[in-house]
Amino acid sequence: MQFALTPEQELIREVARGFFDEKASSAKMRAALQTSAGYDLNLWAAMAHEMGWAGIAIPEAYGGAGLGMVELSILQHELGRRLVPSPFFSTVCVAAPLVAAIADESQKAELLGHIARGEVRVAVALTGRRGLPGCEGITAELRASRGRYQLMGESGLVIHARACDVILVAARAPGTKGREGVSVVCLDASGAGITVEELVMLDLTRRMSLLRFDNVEIERDAVLGESETAGDALENALDLARIALAAEAVGGAEWTLEMTCAYTKQRIQFARSIGSFQAVKHRLADMMVLLEAARSASWYAACVVDELEGEIAEAAAIAKACCCDAFYRCAADAIQLHGGIGFTWEHDAHLYFKRARAVASLFGSPAWQREKLASLMGLGATVASPGF
Amino acid sequence: MKLGFTPKEESFRAGAAAWLEVQLAGEFADLRGVSAHAAMPERRKQWECALGRAGWSCIGWPKALGGREATLAEQVIFAEEYARLEGPNRIGHLGVELLGPTLLALGSDAQKQRFLRPIALGEEIWCQGYSEPNAGSDLANVRTRACLEQSANGAQWVIQGQKTWTSLAQFADWIFMLARTEEGSRGNRGLSYLLVPMKQPGITVRPIREMTGEATFNETIFEGARTAADYIVGNPGDGWEVAMATLGFERGVSTLAHQMAFRGELETLIAIAVENGTARDPLIRQRLADAYIGLKIMRYSALRMLTHAQSGRLSDAAYTYRLYWGEWHKKLGELAMDVLGPEGEIAAGAPYEWKGPQHSFLFSRAETIYGGTSEIQRNIIAERALGLPKEPRGTQS
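These protein sequence lines map, in sequence, to chains A and B. As numbered in our numbering, residues 222 to 609 make up the first sequence, in order. As numbered in our numbering, residues 30 to 426 make up the second sequence, in order.
I should point out that these hints are in silico values taken from the structure, not numbers from a laboratory. Since we're looking at a predicted model, the values are computed, not measured. Hints may be right or wrong, so weigh each one.
Said to hold, decoys possible - Here chain A is said to cover these stretches of chain B; the calculated rule only asks that three of the stretch's residues, wherever they fall, bring their Cβ under 8 Å from a Cβ of chain A:
#, segment
1, 32-46
2, 289-303
3, 307-321
4, 344-358
5, 413-419
To be verified - So these bits of chain A aren't anywhere near chain B, every CB distance computed over 10 Å:
#, residue
6, E243
7, M272
8, I415
9, L431
Where a beta carbon is used, it is the ideal one built from N, C-alpha and C, also for glycine.
Bound conformation, chain A alone (with noise of 0.2 Å):
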């Protein structure tokens, strides 16, 4: 039993720190969100390349380094505490383990290769038009004639589509539901017949668009392994990315928490710091009870991916509801400790709050993720509908 990051893992943790630390400081981010792109192109060519950490979880076989979900999760903590802007995530954490689930062996070598040693950088098209989460809401459409297809329909809520390579798109053949008739395709970024429309998104720090595939032709080795087939592996492709987002909310989390504890230590009122007021320290205290709740939810799921498989959905869902819940409560309070200040654009407290919210809508919100838990708990069917 050694439930605490190893001494190896420990490292991973301080190096990505000091590395952000360094190279995505709050006036570096916020740089990198008035440029095209949304997000540094240098920051993760470094990332990728100087740190290898774009190929940080691929298997060695396809020249990966070979490590799991905990070192992940790390870096994704790390990438939330700085908020920072990257095509990282969907990149590393959702079409990597997506591809290598699901890819044939050529598709395999290729594509993990090219993530692998940071040549591609991949956008995920794995929701509907409304972003429902799961196969349930998947609303572009795959057909077949004669060993071709065509793409057809959307796909809402692409995180990074507009500065992209590739883009993995989920597609269900014409009158198929759920997680039958599933196949994922994967796009050149710029083929023909795809509009990308970018989107004036509540979060400043990760840009989204929706695509629309109009008679996209799609060749027979587009389709990623065996067509209609992908449904089981995209639902586990999404615990993966909801585990990962999961680390996400509780770096951004423990950055709000440190942030407003700085603030509450020297900011004076009434002749005391008002980090001396017990209102002021209750409610800091409850943030640090949510965060430290998070921080186990997180690191539990990132090991039962790597050690337990067959909890992987409840531990997935445990983690999106709680640290996504905890984000939000502790980027919420910040505002509110921070007083007048707080407020202000020039704060950086809005970017959490924003990235709070925005993280808990993805690929299912907490309350779908306690009702998928309460499923899984044996409660029987609810009488209302799923939702987001």
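Position chain B relative to chain A; hints supplied.
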């Protein structure tokens, strides 16, 4: 990171479970699931003796003192199995978990010799005398006084004052307590940590009836109560440090197994909700799922605390755990009442008897008060873990 216990630890688990199962299905079947603090005291004393004879009472202690030198992981495993198999609330727990470790760390050789084996064998039951009518959250405001007097039997401490919320005082043979031994001292200075026999004319125990209808806590009145001069742990005036060490043990191993007992409660509640149809209600489902998440968080946090404890450090999870479980259990009690509906308001029996989820609904109100209120816990988290400044002290006494 590495989850899961070793094969050796798992075989320890199997051994512990096998012994407990035999006892709780056989000779002590009547005690299975007895969770009330004041129920069946004589039987629960017999149970302490049975645990002690088989070496399952103080498993982390040295073998010479009746323990089996179990590792921390093994202690947690035993506590988990004990909770899972619904072993009764332990009437000896204050001696086993608080005084025993305190004496092992800070007691004199003579004190260890005199007191530890009877605890491990279940022969002497202890209670704790800290709180007083004017020393609640401000625990250092102790007014009970003790002074040394010469008598025919040698020097003795003579004690005058009142303790309150003394759980198990009506069953205990001994009390470990804080008393003011320096005339005119204030706050946490001038206190001493004394070991005092309960069965003597100078001590009166009065039960306090609580909102559950039971009387699990007591007032303990000291009117010239006596104990030997050398039944003091640490030096005169060091009582506060010794008492704080004892409270440190309170966040020890047994709390790590709390969630095992809570799991049983949640499972009961889920079964009721499925049975009466409330499990289909989306709002109830959200709350049941949230309770389940909380239960798992306690489990994960316990594993983190165990990992840290093995390396001798207090983890951040340890600061927050006490507040977390208290608040969680209170919410579970409220959820239980909503799941039960109007029928939940009907007692199990006369005169005012409550069981299961309804008992938790009532009793959990105490759990965010005793051992440090949730408000005090938040102060501790803010001041010790987050490094925030202390609130200035008042001047009224």
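Checked hints:
no.	hint	result
1	32-46	holds (count 5)
2	289-303	holds (count 3)
3	307-321	holds (count 10)
4	344-358	holds (count 7)
5	413-419	holds (count 6)
6	E243	holds (25 Å)
7	M272	holds (21 Å)
8	I415	holds (38 Å)
9	L431	holds (30 Å)
Hint compliance for this structure: no hint is broken.
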